[in-house]
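A.B. asks: With positions in the sequence shown counted from 1, the corresponding number in the numbering used here is that position plus 238.
Calculated from the structure, these hints are not laboratory results.
The structure displayed is predicted, hence computed values, not measured ones.
There is no bait here: all hints are sound.
Label pairs and their in silico Cβ distance ranges: (1) Ile306 <-> Phe372: 56 to 64 angstroms; (2) Tyr457 <-> Leu382: 28 to 36 angstroms; (3) Gly425 <-> Ala401: 36 to 44 angstroms; (4) Gly376 <-> Glu400: 22 to 30 angstroms; (5) Pro398 <-> Gly425: 37 to 45 angstroms; (6) Ser386 <-> Thr342: 21 to 29 angstroms; (7) Thr325 <-> Leu382: 46 to 54 angstroms; (8) Thr417 <-> Gly443: 18 to 26 angstroms; (9) Glu402 <-> Lys340: 23 to 31 angstroms; (10) Thr342 <-> Glu400: 16 to 24 angstroms; (11) Asp319 <-> Ile364: 43 to 51 angstroms; (12) Glu402 <-> Gly376: 25 to 33 angstroms.
The beta carbon of each residue, even a glycine, is placed where N, CA and C say it ideally should be.
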Amino acid sequence: HDPERSALSAGSRRGRQFRPAAETKTGGNKMLCKPSELPLYRPLNQKIACECHQRKTDGKSTGPVGAIEEGFRAVRLQVQDASNLVTDQKKQIVNLYEDGKKQTKFIHDYLNQEDNTMPRIGAIAIGGLAGLIFGLRGGFFKRLIYTSIGAGGVASVCYPQEAEMYAQHGLVEAKKFATIGYNFVYGVKPGDKQLELPTIPSNLGELKDSVSGLAKSAYDAVFPEKK
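Make the full structure from the sequences, and use the hints.
C.D. replies: If you want it as structure tokens, here you go:
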């Protein structure tokens with residue numbers, strides 16, 4: 239035999255014997271799968287589609303059970319939509335309330351500043367004009383009362399300390415005239431001992447007794463019993 243041919247044939251047999259399995263099957267150096275394609279390298283956020291989950295998502299109930307499920311599903315969706323609508327409306331109302339509160343506080347603080355005399359006068363005039371507009375359908379006295387209430391209300395906001403002082407003075411005068419009227423109803427003469435005003439009733443029963451007693455006293459004063 240030829241020595242060179244024997245060496246070549248032996249080398250070819252050795253190459254076929256130690257060639258990798260992937261190279262012999264695929265016909266090249268390309269590997270069957272990459273390491274990144276192994277299950278060990280799957281991303282953490284990737285979901286595994288199992289057979290039971292696939293059956294739940296694909297399978298739909300039929301018949302009466304399916305109709306009941308669809309009915310509950312429709313009701314649940316409607317309730318959820320209504321709840322979302324109510325939540326949105328509530329947020330809008332709260333936002334409007336907060337904005338109005340901020341604007342009112344800003345106007346109140348602005349009018350309470352001592353240097354803002356002209357804005358105070360303008361606000362009082364606007365309040366009186368608003369009261370006059372509300373009392374246009376009435377007579378002269380109604381217009382006068384509504385105008386006074388509107389202007390006085392705004393003035394109490396612009397001048398809170400003066401308003402408190404005049405309010406206390408008005409309460410004292412009102413109590414004095416109420417005492418005079420109360421004594422007149424009970425028939426107390428100027429030289430007699432003056433009666434004090436009764437306390438304010440705290441419940442419905444006390445209010446009923448007070449009103450009935452006052453009405454009886456007024457009736458006796460107007461229509462005295464003949465002896």
